[in-house]
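> So the chains spell out like this:
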Amino acid sequence: MQAAQVSVLVERAWRGDRNAFDEIIVLHQDEIFRLVFFRIRSKIDSEDLVQDIFMAAFKYLPQLKDSDRFRPWLYKIALNRVHDFRRKNKFLAFLGITEHREDTNVADVEPHHNPGALDTVLRKEFWSHVNQLSKRFSRMEREVFFLKFVDELNLREIAQTLKRSESAVKTHLYRAISKFKEDAALSDFLQGERPSEKNQPS
Amino acid sequence: MKKISHLDEKQIIEAVTDERGMDGALRSHLSECPDCRAQKEALQGRLARFGHISRVEAPLDFRKPRVSQKSAAALPPVWRIRPAFGMGLGFALILALLLSPLTLKRDRLYTQEVVYREMLQDEKFMTEIEKLEENPLPGFYVGIGDPGDDERDIQTPDAMNDDSVGHDGGSRNA
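Protein chains in written order, with my numbering: chain A, 5 to 206; chain C, 486 to 659.
Hints in this document: simulated from the structure, not taken from any laboratory. Model, not experiment: these values are computed from the prediction. There's no promise every hint is true.
[What the hints assert, rightly or not] For lysine-lysine, the following BS3-like pairs were computed, each having C-alpha atoms within a straight-line distance of at most 25 Å:
id	chain 1	residue 1	chain 2	residue 2
1	C	K495	A	K47
2	A	K174	A	K185
3	A	K174	C	K549
4	A	K63	C	K549
5	A	K139	A	K185
6	C	K525	A	K174
7	C	K549	C	K525
8	A	K139	C	K495
9	A	K185	C	K549
10	C	K549	A	K183
11	C	K525	A	K183
12	C	K549	A	K92
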């Protein structure tokens, strides 16, 4: 996705062009859904949150000062909504109104490709490794690591999203990569080839 | 420029984190040394693979978001959008309620009433203490003879004259 293209769309949306905002949604909906889904691990809740995030983005777009910063701004809204959702869920779970679903297994949700029997086992193994790794990260390390390697944000975008300095982001990223490197089981897993990947576009 | 043998583990991680931010000599070594470059690329490869698998795993058949003018207008009120504003407003309301003339007046009345009631209770309590100082024994001992009298002559109060009470002071109807 071209940053310049998004910037032009944002400026058109500022001028009241509804189609421009629809195009922005189409360009970002997959990555925002992925961001939310990995953090709350519930497809239905993720769908509701993604809707909520784009509604908020639409409403507060006039408050965005720099169209080049749209992506980190949108990610910031998304992360805030995810944190609000988690807080609300914990509170409701505390009151016994709802079940706390933090540990829902992502491997139980169907991915966008058709998993074979072997792949299903590998997926469960992969997510088990991810869960183990996530537990070793601090909150900020986890956030920085996923934004960098899963959401593919650069250091500056991560800093803008998390409202931290670039050097702070680098420090967290350095620690997270060290922990990732120490995880021998995950390294071994990643060195093997998965059947589903043979047909997947990168 | 000083000669560097090989990059250590920390420097490899540093290179993966932000190669451009590295020391010039280290960066130059990294570009020339195939061993160090291979180490860095291996770690980068594992991280890229991690990201790739994670992205592939996300379901894409989700309900696509739609923003209509009507639904955008139904967004939450301003206090939810700006939590600090909402909290400030709430605090100001509580403060206004506490400092309102009606509340202050009620508080004053309440305080006077409580003080008056406590004074009456103190007075009653002091009267009881005075009575006890005059005669510390309970009512049914009043009129009993001197403690030096023969035990057989002592009048047993009605309350104690119950057959069900044992001589050893055991429980009733044991």
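> All the hints need checking, so say for each whether the structure fits it.
So, going through the hints one by one against the coordinates:
1. Taking the CA atoms of K495 (chain C) and K47 (chain A), the gap is about 38 Å. The hint is violated against a cut of 25 Å.
2. Restraint check for K174 (chain A) and K185 (chain A): the C-alpha separation of about 16 Å stays at or below 25 Å, so the hint holds.
3. Distance hint between K174 (chain A) and K549 (chain C) is unfulfilled; the C-alpha atoms sit about 34 Å from each other, more than 25 Å.
4. Between K63 (chain A) and K549 (chain C) the CA atoms are separated by roughly 18 Å; this keeps the pair inside 25 Å, and the hint holds.
5. A hinted pair counts as satisfied when its Cα atoms are at most 25 Å apart, and K139 (chain A) with K185 (chain A) qualifies at roughly 15 Å.
6. For the hint pairing K525 (chain C) with K174 (chain A), the CA-to-CA distance comes to about 17 Å; that is within 25 Å, so the pair holds.
7. At most 25 Å may separate the alpha-carbon atoms for a hinted pair to count; K549 (chain C) and K525 (chain C) exceed this at roughly 39 Å.
8. Taking the CA atoms of K139 (chain A) and K495 (chain C), the gap is about 22 Å. The hint holds against a cut of 25 Å.
9. A C-alpha spacing of about 36 Å is found between K185 (chain A) and K549 (chain C), which places the hinted pair above 25 Å, so the restraint is violated.
10. Proximity of K549 (chain C) to K183 (chain A) is assessed by CA-CA distance (about 36 Å); at most 25 Å being required, the pair is judged violated.
11. Our distance criterion of 25 Å between C-alpha atoms is met by K525 (chain C) and K183 (chain A), whose separation comes to about 16 Å.
12. Distance hint between K549 (chain C) and K92 (chain A) is fulfilled; the C-alpha atoms sit about 24 Å from each other, no more than 25 Å.
Of the numbered hints given earlier, the model fails hints 1, 3, 7, 9, 10; all others are met.
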